[in-house]
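Put together the whole structure using the sequences plus the hints.
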Amino acid sequence: MKEVQAILFDLDGVITDTAEYHYLAWKKLARELGIEIDRTFNEQLKGVSRIDSLEKILAYGNRLQDFTREEKEALANKKNELYKKMITNITPADLLPGIKEFLEEVKQANLKTGIASASKNAFRVIDYLQVGDYFDIIVDAAKVEKGKPDPEIFLKGADQLGVDYCTCIGIEDAAAGIKAIKSAGMFAVGIGSRTELKEADIILSSTNELTLETILPAYKNTSAAQ
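In this text, residue positions in the sequence shown follow this note's numbering: the first is 1311, and each later residue adds one.
It should be emphasised that the hints constitute simulated quantities derived from the structure, not laboratory data.
Since we're looking at a predicted model, the values are computed, not measured.
Do not take every clue at face value.
Stated by the list, open to error - BS3-like mimics (lysine-lysine), calculated; alpha carbons at most 25 Å apart, straight line: (1) Lys1388 to Lys1338; (2) Lys1312 to Lys1417; (3) Lys1430 to Lys1489; (4) Lys1395 to Lys1417; (5) Lys1410 to Lys1338; (6) Lys1456 to Lys1508; (7) Lys1394 to Lys1410; (8) Lys1466 to Lys1453; (9) Lys1456 to Lys1394; (10) Lys1530 to Lys1417; (11) Lys1489 to Lys1453; (12) Lys1492 to Lys1453; (13) Lys1466 to Lys1338; (14) Lys1389 to Lys1456; (15) Lys1388 to Lys1453; (16) Lys1430 to Lys1394; (17) Lys1337 to Lys1382; (18) Lys1366 to Lys1530; (19) Lys1388 to Lys1337; (20) Lys1337 to Lys1394; (21) Lys1395 to Lys1366; (22) Lys1489 to Lys1366; (23) Lys1466 to Lys1417; (24) Lys1394 to Lys1366; (25) Lys1530 to Lys1492; (26) Lys1382 to Lys1338; (27) Lys1338 to Lys1389.
See below:
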């Protein structure tokens, strides 16, 4: 059994909750296109890349064939500009409950850390939250070709940290992210719904429950069983 060497974090819904800003930006853009989306539909967009999210919205509104690739890129960029204006108000107070303490604990345990988020604004958000010192790397989503549930972003994270995939723990709040972690051969910690995140190795109801005392024994038990 190999010891844990690194923990890779999703950003939205794990470190901070910018999901609301994503939702409001997508909702505004969709409405301009004559498409109404609600919070239930928005669950499909969590952890998904910007262009894939747009295509889901266009398909939902039966407008998928109405735009060229270039027009879709322009729409995706428009959404991003809306989102960037909204997140300028983020401060360290927007860290999710227990996250600062968990990051402290992880650093004290000398585990490597990284952000594996589909957000191309991850660097900016981490800066606003003032937690950059807790992360060894942030995977640049702009250089990731395949979005979650493809494992590429988690594999890149492990490669940048120089650790074996099987020694990594990934933390996610979205089903697509959990699938990506498992496909990468990593141990998956889900934050949220037991129904939606059923493929995770361990599921916690909130970030407040994140402790090494909670997740390391589960990792060891899973590794020993393999």
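Are the Cα positions of lysine 1430 and lysine 1394 separated by 25 Å at most? holds, 10 Å
What's the verdict on lysine 1466 and lysine 1453, does the C-alpha distance respect the 25 Å limit or exceed it?
Since the Cα atoms of lysine 1466 and lysine 1453 sit roughly 10 Å apart, the hinted pair holds (cutoff 25 Å).
Keeping to a limit of 25 Å between CA atoms, is the pair of lysine 1394 and lysine 1366 held or broken?
-> The hint holds at about 21 Å.
field: Straight-line alpha-carbon gap lysine 1389 to lysine 1456, limit 25 Å
entry: Measuring from Cα to Cα gives roughly 20 Å; hence the hint holds.
- Query: Between lysine 1388 and lysine 1337, does the CA-CA distance stay at or below 25 Å?
  - Reply: holds, 12 Å
* **25 Å limit on alpha-carbon distance, applied to hinted pair lysine 1430 and lysine 1489** => holds, 20 Å
Practice task
Given the hint that lysine 1382 pairs with lysine 1338, test it: the Cα-Cα distance must not exceed 25 Å.
Solution key: holds, 16 Å
Is it true that the CA of lysine 1466 sits at most 25 Å from the CA of lysine 1338?
-> violated, 33 Å
Practice item. With a cut-off of 25 Å on the C-alpha distance, tell me whether lysine 1530 and lysine 1492 pass. Key: holds, 16 Å
**Request:** Sort out whether lysine 1394 lies within 25 Å of lysine 1337, counting only the CA atoms.
**Result:** holds, 15 Å
Does the structure keep lysine 1492 and lysine 1453 at a Cα separation of 25 Å or less?
holds, 21 Å
- Item | 25 Å Cα cutoff - pair lysine 1466, lysine 1417 | Within the cut-off at roughly 21 Å; holds.
The structure is inconsistent with the numbered hints 4, 5, 13 and 18, although it conforms to all the rest.
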